[in-house]
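Undergrad: The lines below spell out each chain.
Number of protein chains: 2
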Amino acid sequence: MHDKVSLADKFASFDDRWSPKIVGELNGQHVKLAKLHGAFVWHHHDEEDELFLVHRGRLRMEFRDRVVELSPGEFLIVPRGVEHRPVADEEVELMLFEPAGTLNTGNLRNERTVEQLERL
Amino acid sequence: MHDKVSLADKFASFDDRWSPKIVGELNGQHVKLAKLHGAFVWHHHDEEDELFLVHRGRLRMEFRDRVVELSPGEFLIVPRGVEHRPVADEEVELMLFEPAGTLNTGNLRNERTVEQLERL
Numbered sequence: 020m021h022d023k024v025s026l027a028d029k030f031a032s033f034d035d036r037w038s039p040k041i042v043g044e045l046n047g048q049h050v051k052l053a054k055l056h057g058a059f060v061w062h063h064h065d066e067e068d069e070l071f072l073v074h075r076g077r078l079r080m081e082f083r084d085r086v087v088e089l090s091p092g093e094f095l096i097v098p099r100g101v102e103h104r105p106v107a108d109e110e111v112e113l114m115l116f117e118p119a120g121t122l123n124t125g126n127l128r129n130e131r132t133v134e135q136l137e138r139l
Numbered sequence: 020m021h022d023k024v025s026l027a028d029k030f031a032s033f034d035d036r037w038s039p040k041i042v043g044e045l046n047g048q049h050v051k052l053a054k055l056h057g058a059f060v061w062h063h064h065d066e067e068d069e070l071f072l073v074h075r076g077r078l079r080m081e082f083r084d085r086v087v088e089l090s091p092g093e094f095l096i097v098p099r100g101v102e103h104r105p106v107a108d109e110e111v112e113l114m115l116f117e118p119a120g121t122l123n124t125g126n127l128r129n130e131r132t133v134e135q136l137e138r139l
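Residue numbers (my numbering), protein chains in the order written: chain A, 20 to 139; chain B, 20 to 139.
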């Protein structure tokens, strides 16, 4: 039986950025928490839609043709195949929903790729 | 392309209780918002795990052998097959994450069942 998860407690338990942590699993999907600061790489996911929900701070999701700014309590779903780049001018805390096995850098493998995600 | 969703705006747009609204879809899963007040029926889901994240208020999730109390910013995953009963002594606002097609009453069909979910 799973126990409840406090987002605040989980976010307080790590400091490293750009390294999503798994905090829940259901129906083949993962719930992840991440802290971001700065700009990520442009990428897309061939097979996975991704949900980004802001917990604290602000996230700017850049697309090739527009930008979406997210504040706490706002979420955005990025459909598979759509190129995007998350940017945070100040640190942002995010909750992610996506299929288990989703690679943070999507179609790329580079120095920003995290192959093995920590579980909190 | 999906637009961003404000949880506060969506919750402000409806008043009816026990009637989950679909606010997002990804990877065959639905993101739903619901307002509850009072006690629901005991039920389980044969094939679906369910995530309950409290946005406002408090939720008491009763199991046959224990109770879990959830405050804002806390979530709980109820695995498939596990009997549960959501109870809210005062109104609670919830975000749900579960497979598309999940019936709110799980293995039961009764007067609490909502067959067609509204999309906000």
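Hints are computed from structural coordinates only; laboratory data are not their basis. Treat the hints with care, as some may be off.
Unchecked claim - Straight-line distance between alpha carbons at most 20 Å, and here's what the computed EDC-like set of lysine to aspartate or glutamate pairs gives:
#, chain 1, residue 1, chain 2, residue 2
1, A, Lys29, A, Glu88
2, B, Lys29, A, Glu88
3, B, Lys29, B, Glu44
4, B, Lys23, A, Glu112
5, A, Lys23, B, Glu44
6, B, Lys29, B, Glu110
7, B, Lys23, A, Glu67
Undergrad: Does each hint hold? Answer for all of them.
TA: Hint check results:
Restraint check: the Cα-Cα separation between Lys29 of chain A and Glu88 of chain A comes to about 24 Å, which exceeds 20 Å; the hinted pair is violated. At most 20 Å may separate the alpha-carbon atoms for a hinted pair to count; Lys29 of chain B and Glu88 of chain A meet this at roughly 17 Å. As the CA atoms of Lys29 of chain B and Glu44 of chain B are separated by approximately 15 Å, the hinted pair is consistent with the 20 Å bound. This hinted pair checks out: Lys23 of chain B and Glu112 of chain A have alpha carbons roughly 17 Å apart, not beyond 20 Å.
Note on Lys23 of chain A and Glu44 of chain B: the hinted pairing is violated, with a Cα-Cα distance of about 24 Å set against a maximum of 20 Å. Proximity of Lys29 of chain B to Glu110 of chain B is assessed by CA-CA distance (about 16 Å); at most 20 Å being required, the pair is judged to hold. Between Lys23 of chain B and Glu67 of chain A, the direct Cα distance comes to roughly 18 Å. Compliance with the 20 Å bound is thereby established for this hinted pair.
Comparing the model with each numbered hint stated earlier shows that hints 1 and 5 do not hold.
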